[in-house]
Every structure is written in C-alpha cells, then in structure tokens.
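Protein sequence lines correspond, in order, to chains U and F. Quick note: the first sequence, position 242, residue 242 per the working numbering, numbers continuous. Quick note: the second sequence, position 138, residue 386 per the working numbering, numbers continuous.
Everything labelled a hint here was simulated from the structure, so no lab data went into it. Even glycine gets a Cβ: it sits at the ideal position worked out from N, Cα and C. Just to be clear, a hint being listed does not mean it is correct.
[Claimed, not checked] Covered by chain F, per the in silico footprint, the following chain U stretches (three or more residues, Cβ under 8 Å):
#1 43 to 57
#2 125 to 136
#3 215 to 224
#4 237 to 243
Each chain, written out:
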Amino acid sequence: MSNLFTYTIRIADSALILGQRMAEWCSNGPTLEEDIALSNISLDLFGQANGFYEYAAQINGEKSADELAFTRNEREFFNYQLVEQTNGNFGKTIVRNFLYDSFIFLFYTELANSSDERISALAAKSIKEVKYHLRHSKNWLIRLGDGTDESNKKVQDALEELWQYTGELFEMDTIDTELMKKNIAIDVSKLRPKWNEMIDSTLKTAKLNRPEDGYMASGGKKGIHTECLGFLLAEMQFLQRAYPNAKW
Amino acid sequence: MQNGNIKHIWQLLNTIPDPEIPVISIVELGVVRDVNLKDNLYTISITPTYSGCPAVTAFTNDIKKCLKENGFRNFKIKLVYAPAWTTDWMSKETKEKLNNYGIAPPSKIVICPQCNSKNTTLISEFGATACKAFYKCSDCLEPFEAFKCI
Ligand SMILES: [Zn+2]
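Given only the sequences and the hints, what does the whole structure look like? Please build it.
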C-alpha cells in the first residue's frame, strides 16, 4: 500500500464510520427536524467518504470504492476510534460529533492547501458541509450543557467518557511525515492549540467542564479499534457479505 | 457544426429539470460546469451540490438519457470537485424561479417567499434535501424552505 493510498483511506474511513453512526439515527431522532438533520449529516459524510474512496481506488486499483467500504475487515479500517463510539443518548452523539467536527473543520481547512489537487479539492468541498455540522453540534452542546440539570449531567458524562479518544486526533506517524515532505499531508499536531481554543470557549458557554487529560486511547490510524467497530461493520457490511455484488 | 453541437448540448441540458426542485434546470442550478469536444468525444463536466447529494446519480442518468435520445453517442460525463459548487453561481432569474416556487433563494437575509417579510426564524439548518434549510415566517407564520447559502 502506498502512503498516499493509506492517507486517503484514513480520511474516507472516518467519514464513512461516522456517517454510518449518524444513519443509525434515521427514524430515531428526538424530533422530526432533528431526525432530518442527523440523516442529512450522514449523507454529507457518505458523500465525503465516497470522494476519498474513489480517489483511493484510483491510486491502488485493487478495490473499487464500494469494495473498500464493504469488503474490508475491522483491522483494515483506519478511522479514528472517536467516530466509531456508539451513539448512546442524543447528548453523547452531540458530544462525540462536536469533538470530531471541531477537529475535522480545522483539518480540512489546512488540507485544502494540499499540493495534491484531488485531495485539496475534496477538502475544500468538505469544509462547506462540515461548517454546518459543527454549527449543529456546537449549538446543541450549548443548549444541552446550559439546559436542565439532567441534560447537563448527560453531556458532562459523555464528555468524560469520550475525552480519551481525542488524543489520537493529533498524533502523527511516518505516513504523515513522509507525505508532509511533499506538502500533501498536514501536520495535525499543529491543529491542537486552535482546537483547544474552540473546545474551551464552547464548553465555557455550555457550562461544562473540560475533562483532565488522563489515559488516551490510540491506534485507529493503524487499524486498532474498540469493540464498537466490529458491530458497526457487521451491520453495515451484512448485505454485501451475504450477497456479494448485490445491487439495488 | 461542432461548436454548434456544443451549443445544442447546452440547450438540451438546460431542459433537464433538477430532480428535487423541478422548476429549475440542472444548468440553472450550476451543476453543469463545462461541455467540450476533443477527438470526437464530448465531455460534460458536472459537480455535486453537496458531496452526498443523491440527485447526482439521478441527473447523471437524466443527462445520458437526454443526449442519447437526441442522437449523441460519443460523450462522457465527468465528475469534478474543484471549484466547489457555490450558490453564487445562481442567476437572478433562477433565484426568482425558486422564490415563485415557494423556496427562499440563497441570500444572507432570508425573506419569506409567501409574504416577503424579512422577519423570519431558522427552525433547522437541515431541510428535506441537502441544499435547503427550514425556516418560519414570524409575520404570516408560514413555515418554508430556504436554499442554503454556500
Ligand atoms: Zn411570511
């Protein structure tokens, strides 16, 4: 696998897996408007994933975009562990998405300057959509955090639970550094100060406390996952596994 | 003749309605970016409004069908991502069509398509399709959809 292939597929995987999580909300949203919002976000994420998978399929040529999504096993997925975490209650979904949306917004903003034309175009396109996702999760976090005692407790609990998955967002490995030399990849570790600012100011408005940095999970980019991913893939891939090449 | 054909293709494409908002064509929506001819092959470049817009597949098929019906065989459809689609590409006439259809056109100030009031509130950033948000008019109290400004 070339570095560029792996780099591209990592981005696609995080979008796909979060998209699948959001799709689980379809018909289960707390209100009709929210149901539509969550499903729309899912659709955006699938679209972003597809763009990056199409490119990855072109680079490697072994598997098509669909095959990349539906016929790889858990250890071959390189998404961040944060995005595979279960939806839980609505508050937990909002916390997970807010932590990720604020990161990926900064990520795509930098990646839009990539020397790889295709990656830069996909990033520039994605920013427009992620802006909406971020506004959505941020506004909800503020409403829930600064809401009732119960809603505040639920999102604070989710924050404590999910905080351990934020460390790996800023980790660099040799694939990143190699591609950085060609100005294709970006230095995610440099996004941290801005991310901290976004998180701190929103948490303050939302009357929530930033958790202490304790144990930080790691490994998503290398194919190491929490148990949540296997169950997600089982559901998402079932049809293509049971009926290979089935079409609508 | 060949330039005439390119013009003809543009005219044909302009008759294809947007699958979700049939009062405007895919050309007016701004998703058709280019039509060109090289080595006897017409290339129609299209760009998605939103990455996950399900209408892309629908209008790709509509383009194929329309061109074939009009005698074109040697063409291909190319999906381009840059520059990213923006509502800035919509003409004033297109915005008027949307407004008459009951969808507030993309604009910094969202105006009620029913009574033209500027006194409107956002209900949800996400509407029935990826490109629209949901609003309510505080004067005539009608809920309505507004094209997102991106
Ligand atoms: Zn009105």
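Apply the coverage criterion to the segment 125 to 136 of chain U and chain F: a residue qualifies when its Cβ sits closer than 8 Å to a Cβ of the chain, and three qualifying residues are needed. As far as the segment 125 to 136 of chain U goes, the hint holds, because 7 residues have Cβ atoms under 8 Å from chain F.
Using C-beta distances, would you say chain F covers the segment 215 to 224 of chain U, given that this needs three or more residues below 8 Å? n = 0 at 8 Å, threshold three: violated.
Can you confirm whether chain F covers the segment 237 to 243 of chain U, using C-beta to C-beta distances below 8 Å and requiring at least three such residues? Violated: only 0 residues of the segment 237 to 243 of chain U have a Cβ under 8 Å from chain F.
Does the segment 43 to 57 of chain U contain three or more residues whose Cβ lies closer than 8 Å to a Cβ of chain F? holds (count 8)
When the structure is compared with the earlier hints, violations turn up for hints 3 and 4 and for no others.
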